[in-house]
Every structure is written in C-alpha cells, then in structure tokens.
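Q: If you want the building blocks of each chain, they are given just below.
Protein chains: 2
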Amino acid sequence: MHEKEQSKEKKMQKSAFEFTLLAQQGNARAGIFHTPHGDIPTPIFAPVGTQATVKSLTQRHLEELDAKLILANTYHLFLRPGDDLIGEMGGLHAFMAWNRPILTDSGGFQVFSLSDSRQIDEDGVTFKSHVDGSLHRFTPERSIAIQENLGADIIMAFDECAEPYDRSYSEAAMQRTHRWAERCKLAQARADQALFGIVQGGVFPELRTASAEFIADLDFPGNAIGGLSVGETKKEMHAMLELVNPILPQDKPRYLMGVGTPQDLVQCVKRGVDMFDCVLPTRLARHKAAMTDNGRMNLMNAQYARDEGTISETCRCYTCQNYSRAYIRHLVQAKEMLSGTLLSIHNIHTLLELVRNMRQAIIEGHFDEFAQQYLANFNE
Amino acid sequence: MHEKEQSKEKKMQKSAFEFTLLAQQGNARAGIFHTPHGDIPTPIFAPVGTQATVKSLTQRHLEELDAKLILANTYHLFLRPGDDLIGEMGGLHAFMAWNRPILTDSGGFQVFSLSDSRQIDEDGVTFKSHVDGSLHRFTPERSIAIQENLGADIIMAFDECAEPYDRSYSEAAMQRTHRWAERCKLAQARADQALFGIVQGGVFPELRTASAEFIADLDFPGNAIGGLSVGETKKEMHAMLELVNPILPQDKPRYLMGVGTPQDLVQCVKRGVDMFDCVLPTRLARHKAAMTDNGRMNLMNAQYARDEGTISETCRCYTCQNYSRAYIRHLVQAKEMLSGTLLSIHNIHTLLELVRNMRQAIIEGHFDEFAQQYLANFNE
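Line by line, the protein sequences give chains A and B. Just so you know, we're using the numbering used here here: the first sequence kicks off at 4 and counts up by one. Just so you know, we're using the numbering used here here: the second sequence kicks off at 4 and counts up by one.
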C-alpha cells in the first residue's frame with residue numbers, strides 16, 4: 004500500500020474513535036467513546052489487569068460486573084510473556100480472551116517506579132527488569148511498537164512522570180514528555196488504536212497550563228492527565244484538574260491516570276474527568292479490605308466473626324448476594340484465595356456501580372445532589 | 004420431646020437416606036443416594052473444600068461444574084473458625100452458601116496425619132493444633148458432636164488409620180475403629196445426617212474381611228473404606244476392594260476415601276465403589292498441572308508458551324472453552340492466582356465428567372468397553 008493511501012485509511016479509521024457527549028452538568032460529563040471492541044460509556048472506571056489478568060477474577064467475572072474497559076500494563080507484558088508473543092497469539096484480546104475494549108499504558112510510569120537503575124536521556128530510558136535484572140530500553144517509538152503488538156483499543160504516549168514538588172525537574176520532564184508525545188504520534192502505524200497524549204507538570208499551575216495547551220494542540224483522540232495521585236494533596240490534585248480540564252478539548256475524553264477511591268471518582272468527575280483506572284479495588288481485596296459507599300471495611304476484624312450480614316446491605320454484587328461477613332472473615336483468617344476473589348468482585352462492583360450512577364445522574368440532571376449526598380456518607 | 008418420640012422421629016427421618024440402585028454391570032453400579040440437600044447420583048466424585056471452600060473457586064463455579072457433593076474437613080473447621088461458630092451461623096450449608104449435599108470427614112485422618120504430638124488411647128486422641136499449637140482432644144462422641152454442629156448431610160465415624168503394612172498395629176487400630184464406630188452410632192443425636200461407618204484393616208485380607216463384616220453388621224446408611232491410597236500399591240488397593248465390597252451391603256453406597264486419579268476412579272468403580280473424594284484436582288491445579296483423559300500436562304513447560312490450543316480439544320469446561328495453553332502458561336509463569344482457578348475448573352470438570360460418563364455407560368450397559376478404552380488412552 005502506498006504511503007498516501009495508508010495515511011488516508013489511517014485518517015478514515017481514526018474517525019471511529021469518536022466521543023459523543025450526551026449530557027453535561029457543570030463540568031461533569033456523560034458520553035460514549037467509540038472503539039473497535041465496543042462503546043465505552045463515560046464516566047468509566049477501568050479495573051487493572053497488570054499481567055493480562057485482573058487479579059483473582061476470570062474474564063467472565065468481569066463481564067458479569069459489566070466492566071466496559073480494562074487496563075493492561077505494557078511494562079509487565081513486555082517483560083513477560085513478551086509483546087512479540089502476545090502479537091503472535093493475535094494480540095491481547097485474543098490472548099486473554101477478553102473481547103471488550105482494552106487500554107495499555109506506555110510503560111513509562113512503571114519504568115520510573117518499578118525498574119532498577121533507570122537512566123533517562125533525551126532519546127529514551129534504559130532500565131533493568133524487576134523480574135530478572137535484564138537490561139532493556141524504551142523510547143517513544145519502542146513503546147508505541149510494543150503497544151501495537153499488544154493491540155489494545157486505547158494506547159498511551161510515552162511520558163516522564165516527575166516528582167510532583169520538584170519545579171525544575173517537573174518542567175524538564177514535561178518538556179521531554181511533549182517532545183516524546185510528538186514522536187509517539189509520528190511513530191504510530193496502526194489506525195485501529197486511539198493514541199492518547201498525557202499532560203504533565205507536577206503541581207505547578209503554569210506548567211500544567213502550558214502542558215494542557217501543548218497536548219491539546221496535538222489533537223489526539225483523547226487526552227490523559229498524568230503525574231497526579233503520586234503524593235500531592237487532594238486540594239492540589241483538584242486545583243490541577245480545574246486548570247487543565249477547561250483547556251483540554253470538550254469533544255475528546257479526559258482520562259485521569261491511576262485514580263482512585265470512590266470519593267476521588269466523584270470529586271474528579273465533578274471537575275470534568277471522563278475516565279479512570281486504579282489497582283485499588285483489587286489491591287485492597289488482597290489486603291482483606293472491602294470498599295463501600297461509606298468507607299473501608301477491614302474483614303480481618305474480629306467484630307465480623309459472627310456477622311451474618313453481607314458487606315453491604317444494598318449491594319447487588321455476587322459476593323453480597325451470597326456470602327456473609329462471617330464467611331469472608333473466615334476465608335481471610337484461613338488465608339484462602341477465595342477471599343481475594345470475593346472482595347475483588349465486591350470492590351470492582353462498587354466503583355463500576357458508582358460510575359454508572361454518576362452517569363445516570365448527569366444524564367438526568369441531578370449530579371450535584373448525587374455527589375453531595377454520596378460524599379456526605381463517608382466517615383473518612 | 005420424650006426419648007421414645009425422638010427415637011421414632013430419628014428412625015423415620017433416617018429412611019430419607021435411601022440408596023436407589025439403578026443399574027449394575029459386573030461390580031460397577033449406578034445409583035442415587037437421597038439426602039436432605041438433594042440427590043447424589045453415583046458413581047460420584049466430591050471435590051474437597053477443606054476449610055469450607057474448594058480452593059480458588061466460587062460456589063457458583065462448583066454449581067456450574069455441576070458438583071453434586073463436596074467434602075469439608077472437620078479437623079480444620081473445628082480449629083478455624085470453630086464448629087460452634089459455624090453452628091451458630093446455621094451450619095455449613097448456610098455458612099459457605101452451598102445448598103447442595105456436603106460430607107464431613109471425622110477429623111480422624113487429619114489428627115493422625117497433620118497434628119503435632121498426638122496421643123491415642125482407648126477413649127480418643129489428644130493432639131496439638133497445626134495452626135497454633137493449642138491442645139485438643141477428639142473422641143468418637145466429640146467428633147459426632149462437632150459434625151452435628153457443622154451439619155453436613157453425610158458424616159463419618161471417627162476412625163484410626165494405621166500404617167498399611169504394620170500387621171499388629173493395623174489389627175489394634177481396626178478393633179479400636181470398630182469400638183469407636185459403635186460409640187459414634189450411639190452418640191448420634193441428629194436424624195437428618197447419614198452416618199457412615201469406615202472399614203479399616205491395612206493390606207491384610209483377613210483384617211479387611213473381618214472389618215467389612217463388622218461394619219456391615221452395624222447397618223449404617225452407607226459404608227466407607229478407609230486406610231487405602233496411603234502408600235500401598237494399586238494391586239493391593241484393588242485386592243482389598245475386591246474383598247471388601249462383596250461383603251458390604253448391596254443396598255448402601257460404598258465410599259472410598261481420598262481417591263484419586265482418573266484411572267483410580269475407573270478401576271475402583273469397576274470394583275464396586277460408588278463415591279470418591281480427593282484433593283488431587285485442586286492440588287495439581289496449584290502445582291500448575293492439568294489432569295486430562297490421557298495423562299497430566301505441566302503448564303510450566305516452555306513448549307506451551309506459544310500454544311494456541313486449549314488444554315484439551317474435546318473438553319467442555321469454562322477454561323477449555325475460553326483460554327489457550329499459552330495464556331495459562333503465562334499466568335503460571337507470572338504466578339497469577341487465575342492459573343489456580345482455571346486449572347481447578349478444568350481438573351474438577353475432568354473428574355466430574357468421568358463419573359458422569361461412567362454412570363451413563365453403566366446404565367447403558369457398556370461400562371466394560373468404556374473402562375477398557377478410557378484406561379488405554381493413558382501414557383502413564
């Protein structure tokens with residue numbers, strides 16, 4: 004195929020990644036993001052399947068939870084089993100038997116947070132695998148090539164996430180993130196993946212503003228906000244969102260990476276965020292805690308030993324429809340794997356039900372009341 | 004209620020535990036054992052839920068596998084969370100949200116195999132918990148009382164399992180098992196549980212004959228064969244079954260405890276066994292191995308890294324309907340919990356499908372051909 008035809012086809016297919024805005028109340032938005040593996044209703048929360056599995060759940064559990072989008076980690080899958088292997092097996096959807104939308108991150112965040120002895124230069128990052136110490140190198144082009152092998156519906160630009168309070172490092176990292184975003188866009192060869200740019204800039208208003216403007220100008224089909232929920236205060240996080248979101252285009256989804264708690268989801272939807280992902284529901288499940296609509300419940304506590312009630316009286320998840328706190332506490336005490344499964348089902352349900360309820364409230368025009376009531380329930 | 008009325012009610016309810024023999028081919032039998040929580044078609048295999056959970060599976064997985072009976076361990080549940088607690092929660096069925104038949108063992112085997120520094124006397128066994136070193140005592144009466152708190156449909160007499168090759172110990176243990184069986188029968192207070200006696204006697208024909216005769220005479224609603232699959236050869240195990248089963252009543256189910264492999268199930272059904280339980284399918288799953296109808300498959304092997312086929316081409320389990328060997332091998336390599344779940348589903352399905360197929364073959368009158376063909380497929 005000639006380059007021109009390729010480019011034309013690329014452009015045509017790209018129009019598939021349309022974001023339909025259905026309703027707006029204040030800055031809160033309800034919409035639909037169209038992808039090759041199905042429509043994603045927004046606001047949306049994506050459970051994290053780091054190694055091509057949302058820990059302790061079968062893919063059918065996820066379908067029954069009605070997860071519309073899951074995230075997989077490029078860094079982990081590159082190291083094991085390898086993106087080439089997954090590509091040969093037909094890509095992530097076929098490999099993990101998940102036929103709904105998938106998002107892969109760029110590997111950037113993990114390279115900076117998990118790998119050993121990373122060395123950053125203008126071209127990319129050299130790092131040692133946390134699995135076996137082997138040496139590897141990611142560049143923007145390499146990250147895109149790996150993500151094209153993995154074949155997710157949404158892929159991310161390779162970025163550098165700085166410490167949030169280091170002004171000069173934040174500025175340098177942001178500028179490099181911008182140059183890398185341009186290189187990622189140029190490197191993209193597949194037309195059936197939506198490449199999202201990432202806004203950086205730490206907690207510094209002028210950097211965040213500059214970054215949002217730069218990334219918005221690159222006209223990605225969606226935009227992410229990175230480098231938040233990494234140590235800054237909630238107030239700072241909210242201030243950055245209030246600054247960045249009005250600059251990002253209205254007709255593209257906005258994705259806040261690595262967030263969060265139920266309260267975070269409400270606070271950030273209120274400030275114009277459409278998409279979230281976080282390991283919290285499955286990580287808390289492995290740490291024996293349930294997320295509820297009024298705070299966390301530690302199932303290790305002796306007070307639940309003879310408690311015939313369910314985690315939440317009103318919850319409609321499989322766990323709460325069938326199992327008592329006493330039984331789950333027993334599983335936790337006895338270190339049984341089923342505790343992780345049952346708590347993961349409940350925790351993911353809690354966040355998915357929350358985004359579904361927020362979406363409904365926005366469409367019906369009473370999101371502000373919903374948010375106020377929901378947040379008032381928390382003791383935390 | 005007066006003693007006489009109690010005894011009458013007990014007798015009336017006991018008739019609920021009827022065993023309907025539907026077909027017989029040689030010594031192989033197909034039947035139905037009726038229990039308060041439903042009919043158990045035989046031959047049957049019971050997955051083991053040691054701590055009131057079949058490891059890594061939800062109860063719905065078990066329902067979908069169409070498990071008709073599961074086993075739970077009295078020793079483990081007595082120690083944690085405690086049979087009193089489970090009794091307060093309404094018994095095992097309510098506690099673990101499993102509304103189908105359950106069998107509990109007597110705790111005898113675990114006291115002898117798991118606990119520390121056990122001391123046996125005529126009255127019972129004193130032992131230290133393997134969990135926290137605390138001191139406990141089981142007697143036949145205590146075992147029945149605990150099993151009545153747990154509330155399974157089928158409960159077992161408290162027995163002593165000897166080393167299979169020690170003649171004098173085997174004889175002493177057998178005789179004590181007989182005296183304990185009588186005490187268990189006397190101790191039983193609930194009428195809605197079927198108490199099974201257990202035949203012991205090691206690998207010694209005259210002991211096994213005497214034990215089968217003694218236990219048969221006690222007229223339990225079902226009879227078990229204990230102390231096999233504990234180190235003796237297959238030939239010895241088969242010889243003991245050929246001796247014991249013709250002595251045990253035709254109109255009661257025969258339960259071979261702690262067995263086994265697919266080949267064992269076929270060989271023992273052929274010799275008149277109706278019921279089995281074994282940790283093998285779930286234990287192999289945690290050790291990364293699949294049971295198939297022609298041998299074991301170790302999913303750690305590099306040869307499966309790019310294998311797009313399923314564990315078994317003909318298997319209809321959820322795992323084989325959805326996931327490739329390559330994906331399961333990746334999960335195994337990455338130490339993901341989902342590997343245990345997917346392999347447990349497959350392994351339990353393999354044994355349940357095998358007993359279903361044997362039952363069908365007996366009813367249709369071609370069990371011998373089925374057994375011959377099935378066993379010929381194994382490379383092991």
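None of these hints come from the bench; they were simulated from the model. Hints should not be assumed to be uniformly reliable.
The list cannot tell twin chains apart, which means a pair is met if one copy fits it or any two copies do.
Said to hold, decoys possible - Simulated pairs of lysine-lysine, DSBU-like, Cα-Cα distance not exceeding 35 Å: (1) K291 <-> K188; (2) K238 <-> K338; (3) K338 <-> K131; (4) K188 <-> K238.
Q: If a hint holds in the structure, say so; if it doesn't, say that too.
A: Hint check results:
1. K291 <-> K188: neither (42 Å within a copy, 42 Å between copies)
2. K238 <-> K338: For K238 and K338, the Cα distance exceeds 35 Å both inside one copy (38 Å) and across copies (38 Å).
3. K338 <-> K131: both (33 Å within a copy, 20 Å between copies)
4. K188 <-> K238: So K188 and K238 pass the 35 Å test inside one copy only (33 Å; across, 70 Å).
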